[in-house]
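Build out the structure end to end from the sequences listed, making use of the hints.
Protein chains in written order, with my numbering: chain H, 1 to 305; chain U, 1 to 305; chain A, 1 to 305; chain C, 1 to 305; chain Z, 1 to 305; chain V, 1 to 305.
Hint data in this document are derived by calculation from the structure and do not stem from the laboratory. Accuracy of the hints is not assured; some may be wrong.
[Unchecked claim] Negatives, chain H to chain V, calculated, CB over 12 Å:
(1) I62
(2) F151
(3) K153
(4) G213
(5) R247
(6) G279
(7) Q304
[Stated by the list, open to error] Here are the simulated DSSO-like pairs of lysine-lysine, each with C-alpha atoms no more than 30 Å apart in a straight line:
(8) A:K170 - V:K252
(9) H:K252 - C:K170
(10) Z:K80 - H:K80
(11) A:K98 - V:K98
(12) H:K56 - U:K296
(13) U:K252 - H:K97
(14) A:K252 - Z:K170
(15) A:K154 - V:K56
(16) U:K273 - H:K35
(17) Z:K126 - A:K287
(18) A:K252 - Z:K154
(19) U:K98 - U:K126
(20) C:K170 - C:K97
The beta-carbon is built from N, C-alpha and C at its ideal position, and this holds for glycine as well.
6 protein chains.
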Amino acid sequence: MIRSTICGPAIGLAAALIATLAAPPVRAQLNTLTKEQMIEYTAQNPFERFPDGRPKVPDSIIERARGLSAEEVFGVLPAKGFRNQYEDGFQVLHPGKKMVGRAFTVQFMPARPDVETVMNAKSHEKGGPALNNQYAIDMLQPGDVLVVDLFGKKDGGTIVGDNLFYYVMKATHGGGLVVDGAIRDLEGISEMDMPAYFRSAHPSYIANVMLTGVNVPVRIGNVTVMPGDLVVGDREGIYFIPPQLAREVLDKADETHIHDEWTRLKFDEGKYKSSDIYGSPRDPELKKEYQEYLAKRLAEIRAQK
Amino acid sequence: MIRSTICGPAIGLAAALIATLAAPPVRAQLNTLTKEQMIEYTAQNPFERFPDGRPKVPDSIIERARGLSAEEVFGVLPAKGFRNQYEDGFQVLHPGKKMVGRAFTVQFMPARPDVETVMNAKSHEKGGPALNNQYAIDMLQPGDVLVVDLFGKKDGGTIVGDNLFYYVMKATHGGGLVVDGAIRDLEGISEMDMPAYFRSAHPSYIANVMLTGVNVPVRIGNVTVMPGDLVVGDREGIYFIPPQLAREVLDKADETHIHDEWTRLKFDEGKYKSSDIYGSPRDPELKKEYQEYLAKRLAEIRAQK
Amino acid sequence: MIRSTICGPAIGLAAALIATLAAPPVRAQLNTLTKEQMIEYTAQNPFERFPDGRPKVPDSIIERARGLSAEEVFGVLPAKGFRNQYEDGFQVLHPGKKMVGRAFTVQFMPARPDVETVMNAKSHEKGGPALNNQYAIDMLQPGDVLVVDLFGKKDGGTIVGDNLFYYVMKATHGGGLVVDGAIRDLEGISEMDMPAYFRSAHPSYIANVMLTGVNVPVRIGNVTVMPGDLVVGDREGIYFIPPQLAREVLDKADETHIHDEWTRLKFDEGKYKSSDIYGSPRDPELKKEYQEYLAKRLAEIRAQK
Amino acid sequence: MIRSTICGPAIGLAAALIATLAAPPVRAQLNTLTKEQMIEYTAQNPFERFPDGRPKVPDSIIERARGLSAEEVFGVLPAKGFRNQYEDGFQVLHPGKKMVGRAFTVQFMPARPDVETVMNAKSHEKGGPALNNQYAIDMLQPGDVLVVDLFGKKDGGTIVGDNLFYYVMKATHGGGLVVDGAIRDLEGISEMDMPAYFRSAHPSYIANVMLTGVNVPVRIGNVTVMPGDLVVGDREGIYFIPPQLAREVLDKADETHIHDEWTRLKFDEGKYKSSDIYGSPRDPELKKEYQEYLAKRLAEIRAQK
Amino acid sequence: MIRSTICGPAIGLAAALIATLAAPPVRAQLNTLTKEQMIEYTAQNPFERFPDGRPKVPDSIIERARGLSAEEVFGVLPAKGFRNQYEDGFQVLHPGKKMVGRAFTVQFMPARPDVETVMNAKSHEKGGPALNNQYAIDMLQPGDVLVVDLFGKKDGGTIVGDNLFYYVMKATHGGGLVVDGAIRDLEGISEMDMPAYFRSAHPSYIANVMLTGVNVPVRIGNVTVMPGDLVVGDREGIYFIPPQLAREVLDKADETHIHDEWTRLKFDEGKYKSSDIYGSPRDPELKKEYQEYLAKRLAEIRAQK
Amino acid sequence: MIRSTICGPAIGLAAALIATLAAPPVRAQLNTLTKEQMIEYTAQNPFERFPDGRPKVPDSIIERARGLSAEEVFGVLPAKGFRNQYEDGFQVLHPGKKMVGRAFTVQFMPARPDVETVMNAKSHEKGGPALNNQYAIDMLQPGDVLVVDLFGKKDGGTIVGDNLFYYVMKATHGGGLVVDGAIRDLEGISEMDMPAYFRSAHPSYIANVMLTGVNVPVRIGNVTVMPGDLVVGDREGIYFIPPQLAREVLDKADETHIHDEWTRLKFDEGKYKSSDIYGSPRDPELKKEYQEYLAKRLAEIRAQK
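Shown next, in the form of structure tokens:
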């Protein structure tokens, strides 16, 4: 459905941004990270990077992460001091479909004409496109999850309707959408096969907000999301995993999956109380049995990869 | 399940109402619209009317409206000054099933024995039925959507259980139910094939309220619903469309559907940024292509009707 | 502060209303009670009436009611079947100041241009004033409490700012204001000496609503308020007392006050457990002592009146 | 997923409990019912009991109760003075799947090290297991519904993850789970075929709480649940039925089911207004017809049992 | 105002309780602590005890605690592992008046006639008073704060009206009231000079609940309160301090008060940035100055005691 | 009370910032505005600036603004396109005390060790102070209002306790505090004579957050606050006025004050309906009278300045 873009003074503001890529001192958005800053603030990233410095978690990691659940991430991150990487309270478009991808972040703030006028002028100087939701959406890459801070806004806080949702799905190869705000056209969107997490749905166009940052640190509820975080959403909520912890989380999860398998096999035998087996077996014989099972299965799993 | 009607002093109050149809000066409910007032306050209605003056949006319009989404209505009404015709925050019984029909409105207020006693006495004079939920429900017509103002009440605010829900479904030919209040027997109702929107479910009978109006203007959240409004509900929320705007909304929606088709065809080509194509194409060639596509498809659609 | 009135199509709609007083068939507001209906629905009123039929609880009753608390009303009304006459959840302007007066009710609904246009036209025919908040406010009488149903609206739901609040205070002789909605100019209003109960304060003008009834039954939270109800507000909440129950409530409260006096005198003696004395004394001697105290004090109180 | 048990000082506290079974004066949990107290407080139970005195509603009753809905229970309990036996506001894991079973109750309170230390010491004296969630879970029987008071806690209020949920399912033969608190591993749990009602889901382990009672009276929202209550959950909410009322509820429900059947058959004929037939038929002929239908169908149903 | 006690089956239930004091095996309330259990679960109490075993924090400690604020308690308790001893979200009757005293705890649960009947019968056997709010209130001692778990109930959850509030004030010598529930007669209570913390006010009598424990562990929001805890309430919220930590909290607070004095004296000099002085001085000279000031003032304070 | 600063990795991070002032390319905080950017984004500021480019609304304007109310600002800003400059929903420390000053903005985000580590390292290189709440507070100037975005955080979101509140009061000469988050030590703070607006109070220290910007655009509820905005708070809420609109707002308010004066004088005469006088007089004579009064009083007021 038509016109799901910011109207008003924001139109035509983006020129400066494009110019910025060539000419660093120019800056149309309020908040930006230069390539140097992006690399600096994500210095622990062990993987490749996009041309703008954003960490690029490899596709192989993304595929492995489809087997993760929120609980398995919880088993690793808080112990490393990352206590604020989980957020819930979203409406989940397809509860049975995991969302996994690289965070592409977008920030909006309540509109102020005086600030918009300045961004406008800078943009017009350079002849760039409008600094609006489509400006950001046009930059999406395969494997990205679009992560949007719209400060919980409902009326006017609708990042996409069904046409742009369709575009995001195509551009990210079904990566996903997280918006601390709203979507419109829920009726049309509900038939599209991309995971999405949103606070509410509303028929209004996006309005009364201004785009203030693309691929900058954003706040989604109680999480600081960095561009390039590995985003993992299940029906419970969303984890934003710093790239440097992705492998450890996944390796740990392999063990957990095996532990789950073995635990349920034992429970199926019907001979044990839960505490005989779980968290870890009491009986030394059983403990040994489990250790052997774990070693064998881990070897199998790793052989597959 | 039995007894989903108002108990207590309200029983047997409705005689006066029936008499009223014959003898206008009598008035048992607190709030009424005479036929003349109904016509006067809905004077812009371009369609036929029911015998009591309520606008009767034609069945053909109702059928076309099954293709509408909330967003498409939003594209027309606010611009016409109708800023308060949308309401959400309901539990939706069958999210995949559109609700379309003519508003049949019912109003309740918190019970007061002194007022009920008066309505009671008037009713007994004329020998009519009880002024309760069934009194109103018995007046439903095929194509109606029952729209009930129960001021958000949960305990005791249950307009129907499964038996009366079944009756409403039969009487309206599956039209639908909107209640700013509750239903009971959700378990039984969930298997019935009529759309329903409600704030909550509760096992209690309807109680501690009095019927104060049938086919009068009612307040559903932030909307003033007039009898005869075209009601359109999708999984996002409900639009109450004044009859005089129904055609315009539908014609506009036809264009939107074509625009959506074309936009996605272009996105499928994978050659364009979202802003090259959407909201409207930048390139004059593409613009022309779209105009031609639109004209052709509109002609096809209209030929079908 | 200026312009706290409804703008837009509502301006100039009230002519029909004034004409209505002379010529009953004309009706500009959606909801009205004729004088006959007002009398009929408040038939149990034992007191005089205003020219429009609204019950007029005498000034002497109003003065006695200043000694009431919400609990004392609760001791009488539910037992008479009036279970829905209390509402709380308001911001209380002057918690230390009781509010007592006769309910003057006003009803608003969300604006619809089609309905407003009709009211407008009817009003213009008769040359009356605008059908807005001031139209109703101009009808206030000494001893009234202005009771406004603005369906909880905050932004645009501001019945008065400080200038009109000042006028209401003058016109009602400090009667009071209850609004299921908002006020503006809280800063200015807080210095004025009239009780007021409101859901919120907001700087916006009243907007996007239409006046649909004056001195009709209105809904304030979970209460049906009838014009002429005796309104009693304390720091806890508000009771709307049907006129026919006013005397009984007050007589009962006299006894309660004496019971309180005696109970505390006994507690002050420090010799008793609470259950020796309260709710009623266990010991027959004490019971007799209390009965004598009650009789004596009641006689004194009644002699004063 | 691993480690869904209470960590910290609670570990190893349960010895005293086990000893308690043999040696009644010992008491490790804060709250207990001895066998004598259990029998005394559930004296009206007409059925067998478990060894610890908990009422054991027979399997035949449990099977019949699978046909119940919340409304049918409401039709009996309040009239018997049981006004507080229904609770809703839960997330329902499998809305299409009824939950029926015997209440096995568990109570937690916010952790205090001084109290935990005492329970700990008592437990160590006797060499028992940890007083934690698994301690209680290990006592579950086929046909039980685990009913847990975790005072609405989300973070740290997770009674089970998917492994222990699997164990509960096996141990209760799919009985069910009610927690006024949270679960973890919703992703894993959602594939398991046991009914569950919970306030929220969270990835955290259970933490910062202490187990204070097993099979004691617990508070679930506004209900006092007694061990052995018949628990019936549908998509609307949960009823906790005292054993002594189970048969009456079920017999009444049989009649209601027949009444529903007949009512809808009549509605299907399309000849009647709802009030002609429902709540009970107006016409004496119809009334007789219904009575005969009821008698015949009741006989059939009872013959089947 | 009259009759603020539980009506219905609860009346006359308390006999067994009184008998219980003499004859331990009898138990009318659902939850009790024997004297032995009370002592066992509060074993770390360094002070005297009441005859029933409840810790009796000395009056001198209570007096010193009037100088405490919530922050000063926070500075000690969590570090000792007591992370759940603070609760807020109350309405505070007299925000300018500290509340300090010994916790006297009372527990209610939603009423069930079958359980009440049993308690009733046990009570009648012994000829004791009703098991209701007054039963507990009559046991209050000077210096107590009445701490009531009414599970947040508003309508019917009113522990006292103004007469019983007056009694509590007299009996506790102005100790105080905390109720996770409601009070009635706020108008009358607001003139009485005792601190009180409550969730809401309502005109209803206490109803539909049963007294299930006196001086047992109770849950107030997220806190487990033990009988005899030192209760300290300021305008921010309430701390429940285990007796064994009372002295340490107070000694630490003395230092904090001196630190505050010195910090502000320094700030008054206007020569320093906040971080030069606070949390602790950067400059070694200043650090020394502070240490000397602290030592001198501590000596003065301790000399006064 | 001691230690109201961020603990953990944030300590010692600020060196880079200070260095930044001299050496622009260094940047320790995530978000900053260079002097050039500050001037660019506040280009319409008609007044002087601070050395870092922040607009400096003159003291004379601040003094005049003490007479403003929220409604008077509302009369100007939305019409200029500034629809998002008002926020409410705060606890107001001193409702009777206006807050007026220049916005000094501070931004926090949820803590992430990887990002903090980077800021830390940059800071250590330069030897600067900790990047915490005190780092920002030490930069306050007389006339400032400290405006803090702590994203509504309560536990751990406490920007100051009483000692730092005292410092802020001294440093800003009583300017004020707005925090979309919490304060601690409400008990101590409530006796200090500086206006403050906060979401909640909590005894915890500030924790689990990182300072990410000083004097950058921040979001307070639905407002984008720019450094140097004129902040005006009354008991209703807070307006953030762009400097370029300050004079117009004040001039308009002068007229409103006169209009209020005159309106009430007329109402005091008791001869008029509210609509005769307000919003503007109907009668041409009265209109003229008002115009003359306005002219005279405006002249007087302007003569005083």
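Against the structure, the hints:
1. I62: The claim holds: H:I62 sits with its nearest Cβ about 20 Å from chain V, beyond 12 Å.
2. F151: violated, 6 Å
3. K153: Incorrect as stated: the minimum Cβ-Cβ distance to chain V is 8 Å, not above 12 Å.
4. G213: Per Cβ check, H:G213 is inside 12 Å of chain V; nearest 9 Å; violated.
5. R247: holds, 15 Å
6. G279: holds, 27 Å
7. Q304: holds, 31 Å
8. A:K170 - V:K252: Judged against 30 Å, a Cα distance of about 27 Å means the pair holds.
9. H:K252 - C:K170: holds, 27 Å
10. Z:K80 - H:K80: Roughly 23 Å between the alpha carbons, so the hint for Z:K80 and H:K80 holds.
11. A:K98 - V:K98: Since the Cα atoms of A:K98 and V:K98 sit roughly 28 Å apart, the hinted pair holds (cutoff 30 Å).
12. H:K56 - U:K296: violated, 45 Å
13. U:K252 - H:K97: Cα-Cα ~34 Å, so violated.
14. A:K252 - Z:K170: At roughly 27 Å apart (the allowed maximum being 30 Å), Z:K170 and A:K252 satisfy the hint.
15. A:K154 - V:K56: Violated: A:K154 and V:K56 sit about 34 Å apart, past 30 Å.
16. U:K273 - H:K35: holds, 23 Å
17. Z:K126 - A:K287: holds, 25 Å
18. A:K252 - Z:K154: holds, 25 Å
19. U:K98 - U:K126: violated, 41 Å
20. C:K170 - C:K97: holds, 17 Å
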